[in-house]
Amino acid sequence: MKIRDIVKILDLQVISGDDLLEKEVTGGYTGDLLSDVLAHARKGNIWITSQIHQNIIAVASSKELSGIIIVNLRKPEEETLKRAEEEKIPVISSSLLAFEITGKLYETGIK
Amino acid sequence: MKPGLSDIKEFRADMHIHTCLSPCADLEMSPKNIVREAKRKGLDIIGICDHNSAENFPAVEKNAFQEGIKVIGGMEITSREEVHVLGLFGNERDLFNAQAAVYSKLKGINDEEKYGIQVVVNENDEVLDFNNKLLIGATEMAIEEVVDLIHKYNGIAIAAHVDREGFSILANLGFIPDGLPLDALEITDPSKRDKINGTKDFVFITSSDAHFLDDIGKRYTCFLMKEITFEEIRKCLYKENGREVII
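These protein sequence lines map, in sequence, to chains A and B. For what it's worth, this note's numbering labels the leading residue of the first sequence as 1, then goes sequentially. For what it's worth, this note's numbering labels the leading residue of the second sequence as 1, then goes sequentially.
Keep in mind that the hints are not guaranteed to be accurate.
Per label pair, the in silico range of CB-to-CB distance [to be verified]: (1) HIS40(A) / ARG36(B): 45 to 51 angstroms; (2) ASN132(B) / LYS2(A): 38 to 44 angstroms; (3) LYS2(A) / HIS211(B): 46 to 52 angstroms.
Listed below are several chain B residues computed to face chain A (Cβ distance under 7 angstroms; list not exhaustive) [as the list claims (entries may be wrong)]: (4) GLU81; (5) GLY137; (6) ASN172; (7) LEU180; (8) PRO181.
No wet-lab data here; the hints were simulated from the structure. Think of the CB as a built atom: it goes at the ideal place given N, C-alpha and C, for glycine as much as any other residue.
Using the sequences and the accompanying hints, generate a full structural model.
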């Protein structure tokens, strides 16, 4: 499944990286401790988090994650969005909480 | 010892001690008890760093003054990312201006039943008030804003317990953001200081993070400097003119 499909099915809002939605999603990871994500997320995963700090882009980039979904309508910092463009990481916003969005993604078949 | 540095002496400092103002600290952490214990442990300098507040600093300082112990006023500020940062300040004016700035970014009311009581005391260990802010909570400031705030009031900014799994910059943010102007890092286990990636350019201190009397001075930092002043400590962190920090 591509990021574009997820955005459509779950009616999410793309904040950054409109042109990056063809990336393939291989699975998901949910977490707010960046050290934990660095240790356990896998290449191609979509990452569900409430963190909005610029470090999330570096983590997503170094782990080659397919994108980041920021939950609960939290607004990423300006610097975060700037880096997202530089590193070509799609950043997506959801009004849902981490538990809900993770559950919905799982239902779509992303595991 | 390097030439010309014969006037440099060694001072023992435990820069991270909580008082009964922190909801998670023991009620025995009163000004008189803290100073007595610090004296017993042979400390020259103590830092008072309650969560997001500094209201018990004056009471500790009044007791310590009589015992010849220097107290540095500070706060353990929680950033939006739930990273703990120690802000240490050189005088009461800067400290309380910084506290007002922190309070303006701290939402929520404490629940004494769940989190513990937050006791403000005077120099005789008498209760003055109960702070009702959610001191255990996170401020609405990004870590960059927390460090800026500390520096705005001429303070020293130290990322707290970087080697712990909770509320530390490395656990929560994965690594130290490029260019973040921290003055030092606090480590709980000094034997691990060379094993933490991306921190070799930082100066380390170690401290007890005491929430109980017994823990005061359990870990301490030695400052090699001329005399006990806040500015000398700052110079130590930047290794000015032969000054050093030993953990």
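### Query
Does the structure break any of the earlier hints, and which numbers would those be?
Hint check: 2, 5, 7 and 8 fail, others pass.
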